[in-house]
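**Q** So the chains spell out like this:
There are 2 protein chains.
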Amino acid sequence: MAEYNLQAEREFRGLLKERQAYEEALALIQWDLRTKIPAKGADQRSEVIGFLSQKSYQLSTSDRMKHYIDTLKSRPSNENIKRSLEECEEEYNRNRKIPEQEFKEFTMLQSKSETVWQKAREAGDFKLLQPYLEKLVDYNIKFAEYWGYEKNRYDALLQIYEPGVTTELLDDVFQKLRTSLTDLVEKVNQAKQKPDSAILQKHFPKSGQEKFTTEILKRMGYDFEAGRLDETIHPFAIALNPQDVRVTTRYDEEDFRMAVFGTIHEGGHALYEQNINEELALTPLATGTSMGMHESQSLFWENFVARSEAFWINHYPLFQSMAPEPFKEIAFSDFYKAVNEVKPSLIRIEADEMTYSLHIMIRYELEKALINEEIEVKDLPELWNQKMEAYLKVRPKSDREGVLQDIHWSAGDFGYFPSYALGYMYAAQFHQSLNKEMDVDEAVRSGDFGKIKHWLTENIHQHGKLKRPLEILKEVTNEGLNPEYLVNHLKEKYSKIYRM
Amino acid sequence: MAEYNLQAEREFRGLLKERQAYEEALALIQWDLRTKIPAKGADQRSEVIGFLSQKSYQLSTSDRMKHYIDTLKSRPSNENIKRSLEECEEEYNRNRKIPEQEFKEFTMLQSKSETVWQKAREAGDFKLLQPYLEKLVDYNIKFAEYWGYEKNRYDALLQIYEPGVTTELLDDVFQKLRTSLTDLVEKVNQAKQKPDSAILQKHFPKSGQEKFTTEILKRMGYDFEAGRLDETIHPFAIALNPQDVRVTTRYDEEDFRMAVFGTIHEGGHALYEQNINEELALTPLATGTSMGMHESQSLFWENFVARSEAFWINHYPLFQSMAPEPFKEIAFSDFYKAVNEVKPSLIRIEADEMTYSLHIMIRYELEKALINEEIEVKDLPELWNQKMEAYLKVRPKSDREGVLQDIHWSAGDFGYFPSYALGYMYAAQFHQSLNKEMDVDEAVRSGDFGKIKHWLTENIHQHGKLKRPLEILKEVTNEGLNPEYLVNHLKEKYSKIYRM
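Line by line, the protein sequences are chains A and B.
For the working numbering, count along the first sequence from 1 and bump the result up by 4.
For the working numbering, count along the second sequence from 1 and bump the result up by 4.
It is worth saying that the hints were derived from the structure and are not from the lab.
A couple of the hints might just be wrong.
Identical copies look the same in the list; a pair holds intra-copy or inter-copy alike.
[Unchecked claim] Pairs of lysine-lysine residues, derived as DSBU-like cross-links and limited to a Cα-Cα distance of at most 30 Å, are as follows: (1) Lys116 <-> Lys21; (2) Lys44 <-> Lys455; (3) Lys391 <-> Lys347; (4) Lys471 <-> Lys44; (5) Lys44 <-> Lys222; (6) Lys497 <-> Lys347; (7) Lys478 <-> Lys457; (8) Lys116 <-> Lys341; (9) Lys40 <-> Lys222; (10) Lys222 <-> Lys180; (11) Lys59 <-> Lys108; (12) Lys59 <-> Lys44.
Same shape as in the complex, but just chain A (with noise of 0.2 Å):
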């Protein structure tokens, strides 16, 4: 009986490989449609992806999968295993669950409705997405009941992207989160000393950017021998195997930031699929554990590391000598401060670490009240604006830059959006758990950032999904969720930038 075990894992690390091969080349078709493709290229290759796809789907949800699960999951051999077949299980009910015409239907009207957002987005004009995000919240609601919750209808998708974190927990640690927001947002906004942003804007070619961005990825650690820098429109990290984790970003050679700070961020999620346990090679556990999990580890690296004073104190020297002249000019203190401008906005992806979780708050607020059924998806742009009045004090004027900013909702993805303020409050949490064991301002400022790579690989990295985001989260902070640290690490900084 032993032996015929062993012989199923095998068979079942043999199932896990085949689908990890379609993934690894969906996932270079994936890097190449937004790196390297010609144009015409794409009408075909999107086919490939289809099907591909649908035989990585198959494969999840197949009797043979659903074979291994019964067969093995009563008593696995070793952990790598038994996670490994709840994972899959995980997977095959949640895909088994939703009658196959329905998900037929619902991947269809998705992307449908993507290329419908980006015209009425253009537009301006909510109204013509509107009958698509209706159907999609109708299905969201159809598979939030198939899959079955405990207590809120929104757990059921939530636990898609951030297992084990429930609405109860987030209706709790976002209201805590907001009031220390609004308070120090309105503590900024009356400061009399703000610093300028606009003085960072000057001409930098790319060439001295792409020079800059690349030492600083190899000083984290990022191994350019199993990844590369590439450019794109939107930036990304994608792992297709463990040893080969690529990296995009974007120049804009007015303003360096966008790729300085977004190549740092994609640096370190691609940090985190690089040191991924070997062992867990070839299984669905050898990626991050979560989405949040996940932004913790590249906001780690672009606000408590890269956005940081000791950061610039070690690398402006530097960062100067790469530069253009008129960057000479500029002061340090003046461009440590001009590049942690507080300064709340319309637009999501261009918000400061301050406020950006005040954006993610107000998606989550709406998109759990479409889910329970107490809002309309026809109110959701008045709404959407009363919000961004009361949270961030600013009001869009016109749907583009209000409700349609986002892909998200019209790409199907409801519960997604709190995993970004979630990598928040975790990377905070993480910053000041290795505070106890390093000064790791005095780590940054000596430059020397293998002993911070090392603490993220030893206790996050490593475990890929062996465990959970709340199971790592309280091993390595001793604690569970807990705004109070990044509200601290604000307060702190910016009462010093700010003087408040």
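Based on these hints, arrange chain B on the given structure of chain A.
**A** Showing chain B alone in chain A's frame:
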């Protein structure tokens, strides 16, 4: 019954589409592997290649495939379906006639042998490779017997690369060609005035070379919206689909000829794939009809266009404007002659257009004799060297620059080499036919490549595999394979350059 047939045709087309999806994914992986992949990523990627290749192979030899072939071949509704069925049936038979176990062993031997070849070549030690080559020859003999042939066992292998061409035909044509070429080479050797290619070896930065070759690709009609140009070690062109055909090149800053003639050569291959009739898309017919025909297209552009006096009359000023100072001092006539230097040498891929075919004939004679068991693998090095002396008057000092220089045999490929020389002859025949319709040199001199590209597309490219190579040759030139045109081209061109 007609309805049933149409339904079966639709399903057959669906099957072809699936096959094409695997092949397109594999082509992208191959391109990436040779241009972009980080060093550590390759190991896992080769597993993915293995998996997807197996899936594609399984489709081509599946019972579903056999079913459609049998159902449809008696009355296909159009020529496209008819020829697709023929291609599928040939492939099905070719693969199914080999016992599965033997095919597996052969595939493993191939990959092992390629690795051994690299070591043997580095060490210049043929004995390392010999046992592998012996087995590979044995397999090829067995396979040829499974596949069958009419007159010569070697024909069975030739069909894979150049359908319709026989050993009998090659023996006849190559003998004529050899006599003429050795005679011409003899004359060149005795010429008193010889061009000196050393004058071309001046530092030429990569960026300038890239600018020039990109401009030439555009003028040739290569569509950059359906392709791109990247760097690699061993340049190639690859079609992912007809809307995405990529060219690669290599820049040698001390010798621009590598990139300039190499890119134009690969551009010729790419033009073929970019201009196949759209109606053939997603069938096995949407590619070049044979290795030889493909080579005719690359060589047409490389030798009959880019190495012509007419080409440089037009493009030398452009070249000089993009090249560094020292090139400005080289007189046009010295430059033109230097890029056409003829010099018998040891390495095939470095050979000039006059001696190249002699390199091919040596390989042809040896592999034909091996497959027909007239010589033994162990005698290859000595036989190689003897033939080199007889045909080219040079003798390798080591097997590294002799029998070990090419990868083909160690990769298990026998019957492939003749295609290169066929490409030269086809190209010369096409050149002659085109000359009847327009003054090619005049068109090249005026930079009007559009007319030339149009003629190649109309006569060759668009047909893909709908027509077989000798069928195209006959239709375009009104005769069969004839080496005279190549000989005449060389005589005429080089009697001027070498005043002989």
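**Q** Now tell me if each hint is right for this structure.
**A** Hints versus structure:
1. Lys116 <-> Lys21: between (32 Å within a copy, 23 Å between copies)
2. Lys44 <-> Lys455: Answer is between; shortest inter-copy Cα gap is 24 Å, intra-copy 46 Å.
3. Lys391 <-> Lys347: within (17 Å within a copy, 79 Å between copies)
4. Lys471 <-> Lys44: between (43 Å within a copy, 26 Å between copies)
5. Lys44 <-> Lys222: Only across copies: Lys44 and Lys222 sit 16 Å apart there, 35 Å inside one copy, limit 30 Å.
6. Lys497 <-> Lys347: Within one copy only: 15 Å inside, 72 Å across.
7. Lys478 <-> Lys457: within (20 Å within a copy, 67 Å between copies)
8. Lys116 <-> Lys341: This pair counts as neither: shortest intra-copy Cα distance 44 Å, inter-copy 60 Å.
9. Lys40 <-> Lys222: Both: 23 Å inside a chain and 18 Å across chains, each within 30 Å.
10. Lys222 <-> Lys180: Neither: 38 Å inside a copy, 61 Å across copies.
11. Lys59 <-> Lys108: both (14 Å within a copy, 24 Å between copies)
12. Lys59 <-> Lys44: Both: 25 Å inside a copy, 27 Å across copies.
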